[in-house]
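2 protein chains.
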Amino acid sequence: MVVSMQIAPPDFDRMFGALADHTRRDIVRRAIDSEEGVAELASHYPMSFAAVQKHIAILERAGLVTKQRIGRRKVVRTNLEGLRVARRLLDQYEELWRGRIDRMTELVTEAKEADR
Amino acid sequence: MVVSMQIAPPDFDRMFGALADHTRRDIVRRAIDSEEGVAELASHYPMSFAAVQKHIAILERAGLVTKQRIGRRKVVRTNLEGLRVARRLLDQYEELWRGRIDRMTELVTEAKEADR
DNA sequence: CATTGATACAACCATACGGTTGTATAACTT
DNA sequence: AAGTTATACAACCGTATGGTTGTATCAATG
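The listed protein sequences correspond, in order, to chains V and P.
Count along the first sequence starting at 1, add 268, and that's the number in my numbering.
Count along the second sequence starting at 1, add 268, and that's the number in my numbering.
Among the clues, some could well be false.
Since the list can't tell identical chains apart, any single copy or any two copies may satisfy a pair.
[To be verified] Below are the SDA-like pairs computed for lysine to any residue, each with C-alpha atoms no more than 20 angstroms apart in a straight line: (1) 335 / 275; (2) 335 / 368; (3) 335 / 371; (4) 342 / 357; (5) 342 / 326; (6) 322 / 288; (7) 335 / 365; (8) 342 / 356; (9) 335 / 362; (10) 342 / 316; (11) 335 / 360; (12) 322 / 357; (13) 342 / 306; (14) 322 / 375; (15) 342 / 367; (16) 342 / 318; (17) 322 / 275; (18) 335 / 357; (19) 322 / 376.
Derived from the structure by calculation, the hints contain no laboratory data.
Could you build the full structure based on these sequences and the hints that come with them?
Shown next, in the form of C-alpha cells:
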C-alpha cells in the first residue's frame, strides 16, 4: 500500500513540449469543458485514433490532463493546476523583467542623488 | 524599401517549442537582465558555441529574444512581448475554465434539465 | 590590408517525434 | 461465454531536433 505520495516537481521540458503542438493545445482547450473519451476526442482530428491517443498520453505525462475511467471509456479532463504551473514560470520571467526595470530606476535615482 | 511591415501572427508551436528546452529557458532568464553577446552567453553552458548559437536562433525565430549588433558583438535581449504572448494563451485557457464553472453554476441556478 | 575576435552557417550524426498499422487488454452487452 | 466497444501498446517509417566540427563572413585594430 502506498504510504507517502510524492508530488512530482514540474517538468517544464515536458510541459512546454506538450504545448508546442497545435493538436495537443486543441485537446487541452476542448477538455476544459467537455467530458469526452479518447475516441470521441479523436473524432475531431484528421489522424488515426492511435495518434490522438499518443497526444493525450503526452499531455498526461506533462500533467496537463488527467484521465478517469468511466465505464468502458476514459474521460479526459484538463488539469487546471498544470496550466497554472506553466503560466507561473512565464509570470516569473515577467517579474524578473520588472525587477530589472526597478534596478535601473534605482541606479538612475542613486546617480542623481550622488550628483547633488 | 519596405513600405508595409506585417506583424507576424504568434506561432505557438515555435514559442512553446522554444521554451521546451532547459538551456533555452535559461538563456531567456539570463537575457532579461544581462547584455551579453552570443559567446558570453555560450560560456555558461557545457556545450559548443555553435550549439548555443542555434538555441539563440530558435529563440529569435520564436520571438522570445532579439539580437542587436553592438560593435563586433551581437547582444541578446529577452523580448518581453514574446513572453506575454505565450502567457496570454495560458491565461485564455484559465479564462475558459472560469467560464465553464460559471456555466455549471448557471445550470444549477436555473435548475434546467440539460443533459450533455 | 592583414590579423584577430565574434558571429553565422553548412554538413553530419544519433536520437526523439509525429504519424501509421496491427495486436492485445478491459469492460460492458447479450 | 462470446461478442462488441474503448483503450492501450508495440513496431515501424520519415522527418525534426540537439549536438558536433569545420569553414565563411563581418567588424574592429595594428
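Results of checking the hints against the structure:
Taking the shortest alpha-carbon separations for residue 335 and residue 275, only the intra-copy value of 17 angstroms comes in at or below 20 angstroms, while the best inter-copy value is 39 angstroms. Taking the closest pair of Cα atoms, residue 335 and residue 368 come within 20 angstroms of each other only across two copies (18 angstroms); inside a single copy the shortest separation is 42 angstroms, beyond that limit. For a Cα distance limit of 20 angstroms, the shortest separation of residue 335 from residue 371 qualifies neither inside one copy, at 46 angstroms, nor across copies, at 22 angstroms. Proximity of residue 342 and residue 357 under a CA criterion of 20 angstroms is satisfied in neither setting, with 30 angstroms inside one chain copy and 27 angstroms between copies.
In the homo-oligomer, the alpha carbons of residue 342 and residue 326 lie at most 20 angstroms apart inside one protomer (15 angstroms), although the nearest pairing across protomers, at 37 angstroms, exceeds that limit. For a Cα distance limit of 20 angstroms, the shortest separation of residue 322 from residue 288 qualifies both inside one copy, at 14 angstroms, and across copies, at 18 angstroms. For a Cα distance limit of 20 angstroms, the shortest separation of residue 335 from residue 365 across copies, 17 angstroms, qualifies, whereas the shortest one inside one copy, 37 angstroms, does not. In this assembly of identical chains, residue 342 and residue 356 lie within 20 angstroms of each other by CA distance neither inside one copy nor across copies; the values are 29 angstroms within and 30 angstroms between.
Taking the shortest alpha-carbon separations for residue 335 and residue 362, only the inter-copy value of 19 angstroms comes in at or below 20 angstroms, while the best intra-copy value is 33 angstroms. For the homomeric pair residue 342 and residue 316, the shortest alpha-carbon distance inside one copy (17 angstroms) is at most 20 angstroms, but the shortest distance between copies (46 angstroms) is not. In this homomeric assembly, residue 335 and residue 360 never come within 20 angstroms of each other (Cα to Cα): the closest approach is 29 angstroms inside a single copy and 22 angstroms across copies. With identical chains, the CA atoms of residue 322 and residue 357 are never at most 20 angstroms apart, being 26 angstroms at best within one copy and 23 angstroms at best between copies.
Taking CA atoms no more than 20 angstroms apart as the test, residue 342 paired with residue 306 passes inside one copy only; the shortest distance there is 6 angstroms, against 48 angstroms between copies. Taking identical chains as interchangeable, the C-alpha atoms of residue 322 and residue 375 are never at most 20 angstroms apart, the minima being 52 angstroms within one chain and 34 angstroms between chains. In the homo-oligomer, the alpha carbons of residue 342 and residue 367 never lie at most 20 angstroms apart, since the shortest distance is 45 angstroms inside one protomer and 24 angstroms across protomers. Only within a single protomer do residue 342 and residue 318 lie at most 20 angstroms apart by alpha-carbon distance; the minimum there is 14 angstroms, versus 46 angstroms between protomers.
In the homo-oligomer, the alpha carbons of residue 322 and residue 275 never lie at most 20 angstroms apart, since the shortest distance is 23 angstroms inside one protomer and 34 angstroms across protomers. In the homo-oligomer, the alpha carbons of residue 335 and residue 357 never lie at most 20 angstroms apart, since the shortest distance is 25 angstroms inside one protomer and 23 angstroms across protomers. For the homomeric pair residue 322 and residue 376, neither the shortest alpha-carbon distance inside one copy (54 angstroms) nor that between copies (35 angstroms) is at most 20 angstroms.
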